[in-house]
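There are 4 protein chains.
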Amino acid sequence: MVEESLLCGSWYAERIAPDYAHVFVVKEHIYTGRTSLQRVDVIRHEIFGKILLLDGKPQLSTFDEWIYHELLVHPPMLAHPSPRKVAILGGGDGGALREVLKHPTVEEVFLIDIDREVIEICKKYLPEVNAGAFDDRRVRIVVKDARKFIQETSEKFDVIIADLTDPISGISESLYTKDFYLQLQRNLEDNGIFCTQAESIYFSHLYFRVSFPTIVKTIRSVFERSSPYKAWIPSFGCEWAYCIASNSIEVDTSWKFAKKKLEEIKLDTRYYDADVQKSAFCLPKNIRKLIESVGRVIEDRDLRNV
Amino acid sequence: MVEESLLCGSWYAERIAPDYAHVFVVKEHIYTGRTSLQRVDVIRHEIFGKILLLDGKPQLSTFDEWIYHELLVHPPMLAHPSPRKVAILGGGDGGALREVLKHPTVEEVFLIDIDREVIEICKKYLPEVNAGAFDDRRVRIVVKDARKFIQETSEKFDVIIADLTDPISGISESLYTKDFYLQLQRNLEDNGIFCTQAESIYFSHLYFRVSFPTIVKTIRSVFERSSPYKAWIPSFGCEWAYCIASNSIEVDTSWKFAKKKLEEIKLDTRYYDADVQKSAFCLPKNIRKLIESVGRVIEDRDLRNV
Amino acid sequence: MVEESLLCGSWYAERIAPDYAHVFVVKEHIYTGRTSLQRVDVIRHEIFGKILLLDGKPQLSTFDEWIYHELLVHPPMLAHPSPRKVAILGGGDGGALREVLKHPTVEEVFLIDIDREVIEICKKYLPEVNAGAFDDRRVRIVVKDARKFIQETSEKFDVIIADLTDPISGISESLYTKDFYLQLQRNLEDNGIFCTQAESIYFSHLYFRVSFPTIVKTIRSVFERSSPYKAWIPSFGCEWAYCIASNSIEVDTSWKFAKKKLEEIKLDTRYYDADVQKSAFCLPKNIRKLIESVGRVIEDRDLRNV
Amino acid sequence: MVEESLLCGSWYAERIAPDYAHVFVVKEHIYTGRTSLQRVDVIRHEIFGKILLLDGKPQLSTFDEWIYHELLVHPPMLAHPSPRKVAILGGGDGGALREVLKHPTVEEVFLIDIDREVIEICKKYLPEVNAGAFDDRRVRIVVKDARKFIQETSEKFDVIIADLTDPISGISESLYTKDFYLQLQRNLEDNGIFCTQAESIYFSHLYFRVSFPTIVKTIRSVFERSSPYKAWIPSFGCEWAYCIASNSIEVDTSWKFAKKKLEEIKLDTRYYDADVQKSAFCLPKNIRKLIESVGRVIEDRDLRNV
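Protein chains in written order, with this note's numbering: chain A, 1 to 306; chain B, 1 to 306; chain C, 1 to 306; chain D, 1 to 306.
Next up, chain A with everything else stripped away, as it sits in the complex (with noise of 0.2 Å):
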């Protein structure tokens, strides 16, 4: 009986907004131990399949995160007209990474992610998420902090995609400040395209210092043109954000650029496809008040006054 395990059992409760939280019953702990950096659960539920966390806080789910790497990677990458050469910031589980390999253009993939172990981890545990994607040539790992990357770095990106965790430490926060983006700009290719997840929509700016309309604010005061867009997914138990931004007047993120660019390569997804990228990008008239009535652009400097 499923219920029986609720009152005598293992549960992973996540806060999703203040008084309000979501609970998982585990149905087996597959994997528990630290590396260097943080601590890494595997769990089994029901539902969601393979639950990946770090520190205790649910990171993606078997069940759907296609959806959510698909409209992360896919976006940007349609909207360049021939991405070559591509940075993924974070996504050591190696999600985004499958999905940027799908576009036959792609000639060079950099992944950034701090913890090398947690790499190692996502392999031997969660090789659906990842389908060999770390052993494409494509590939260049590097195990660095994104910050550092950026700071340091030459290379030029045609896309660099930020699929970082959430903005509730003062480090994590730095990935998300005026200061990095105005950094992470100088990295970007001339008709170069930046796209970052962007939290909760509805909840973020109840309790978290960087939150969806500061994300938002934030990439519009460096960046000449960006839209957010969003989508439900499941595990996460609310409707996510994210956010595409660029300089170039030559990048279009209307579905129907999306949907002549499909018409020519054949995405193979389970998820994403044109009429997807038409409503992610329509947000309602609630939301579009809330991004302008709440929070304000975000520099290193707020961080610091904790």
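All clues stand as given, with none of them false.
Heads up, the list lumps identical chains together, so a pair's fine if it works in one copy or across two of them.
Below, a list of computed lysine to aspartate or glutamate pairs in the EDC-like style, where the Cα atoms sit at most 20 Å apart:
id: 1; residue 1: 285; residue 2: 263
id: 2; residue 1: 285; residue 2: 273
id: 3; residue 1: 57; residue 2: 46
id: 4; residue 1: 289; residue 2: 268
id: 5; residue 1: 285; residue 2: 264
id: 6; residue 1: 27; residue 2: 14
id: 7; residue 1: 256; residue 2: 275
id: 8; residue 1: 57; residue 2: 28
id: 9; residue 1: 156; residue 2: 224
id: 10; residue 1: 285; residue 2: 268
Calculated from the structure, these hints are not laboratory results.
Quantities reported herein were computed from a predicted structural model and do not represent experimental measurements.
Once you have looked at the hints, place chains B, C and D on chain A.
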């Protein structure tokens, strides 16, 4: 401190899927009582404001009931050229009624709810939801089982809106069967439109006999034209479906048509506009596939074999 | 199915120790309301029957309130040669009163509770607890803060019983200080006995400033003779302490004395007898050590430095 | 902040009674794995230290395993005039073994546990529990089902201690039947003593077929003399029972006898002493009544009719 209350306080948990639930910390029990038909609770939550519960199950929150109600009501109302006579099945809280009354062509609205006491409790404890709608001279309250009303009435409607509780017992399930839809069809005018809430998109088929895919398929077996659509309702913890249906070729659910109508009638909404209409009707690939691969047409006789 | 309700229903959680709680599934919300001083709820539970909550904290259950009340009342009442005049501080539910009235020598009982409405709610919703005790002609209800009553009254008592809520705020803490006990001492007759509930033995010192060890030490600093004792109260989720105190050498808390008295007066109890008295006063080694090693005498002035 | 973890973290819940559970916030997952027979987890908790779980059910915590083990072992060991040969059924964690070895007359201890891997995991992750006991030259480890061992062995023991898991399946239940006790009796020397853990006093009969009252009655149907006794084990969330039994009139479980023995052998304990012995054997009125009114003798054949 907000979290204190989780270790020493009152919670409401709602199962969203097998082994998966969301949990609300209760800030205040505002009302608890029993009508002759069900238990009714009104609680207060930090984020979601007031939450109405029937037999322990959350029905709406003041944080987002307008998302749910605007999307339930405006697509069918705008798809009809000139809705004058409308029926709401269920909807004792008055939220759908409030939205229907915003349409200037409306001359008469029947609200058919089985529990008069729920209406009274909502008038008293949730005035922000019904917003005086019950006092509008165009409104006729019918205290009756919706199935029985449809079987017995000779009234005909331009729009019928089903704002029903979850199909978890034989009684509530009977409002989602082919037999019921066939009866209801006779109560629609020639250009008449039917719209119903249609349960959780990703999860309902995992534990309900009547679920999102079966509702879509059953409606499709009766009406000549139908379209499922969706929105994320924060307090529901998952993406929610609706299904609109008609036998008339003059019915137009395109966002362009909605946009044109909206330019004429200037609806006062918080969530809904033409962009929402556009987004709501784009179902992703995996969901279109889900509808085809899962569930089947449900008839009254299926409910007897329990 | 019982467990269904855990995934879709109402719970009460009470913190027992840091990071440790117990959880009650609510079968029915019987009453919810606010007096001028606090929130009052009465719920029904599968095993524990009715549970009374003040400000969201469980106070008693009909499953075992008689364990708590019999052990709070009978040891001090039997230790006194002939208790005629008794005061109960708190105890608005009437359970301690019911037990006191069982002693045939009793002529007058003062019940001093700050909240008259709680008494009325308990009379109406928990008649099995007070069992008509409030109607006994020997009873005098005083609606007043117990601290204030003790400061102002010139009445003297044979037995004073403190049936108080947890010391979690300055107000309730002030009923567990040396200053209070010194005042209270003046209201005891020469052979007078004081007895108080004394919190969770293993856990209270882990998160309360006023805790089992501090109560025992503070009482000991005031009274010439005192003894902590204990019992497991199922619905409390932990072993609970009491402390009895007196300045008279004629007071005898031995189980042999209790036994002799019980042979004379034939108390009608469900839990208590001489064996319980024997067991209750034997504290294990680790607890005797805990009292010595943790906490200190608490005075009014300690409560000001918050 | 401690409570943060409840909304964003890992919990273990254990059902204590129908609709009633206690919940541990997990500070760290120390070990997770599977033996050939069961799942084993070791977690760390703020208060309870390390907790061992078998198949998701808490077995012991380092906070209080010594309460459980001292009370399981010392009453039977002290009641015997001179225990030389002892058997422990179950007890793979080594805690009962550690206590048995404290008795100076002991020459040989058999520990019969079905799962060798559990012993190895406990040696590695819970060294504070077994405290080197497995390395004592007097110890013999037998990896075998305890029922089978008792059926097959011709060894005779002065004391047999049953340190078993809960009777929740046919296999574990078979270690609490009349048939088993009759077999086991043949393995006791003339003055031999048997002692078993005997489940939760107030709750076990509410949901287990084999429960505290049935264990007491079944033992009583086999042995000439027996006594249930109890203690509150904090991490168990309820008062726990044991039952000691013998056919010899020379066996003395009085606290006076224990006290006299303790003066001779000076046991190094943290919880147990003569006062604990006195307290443990005094069952309150309602529990003595419960034993008589609930449950019945359980035989092997009762377990077959599932």
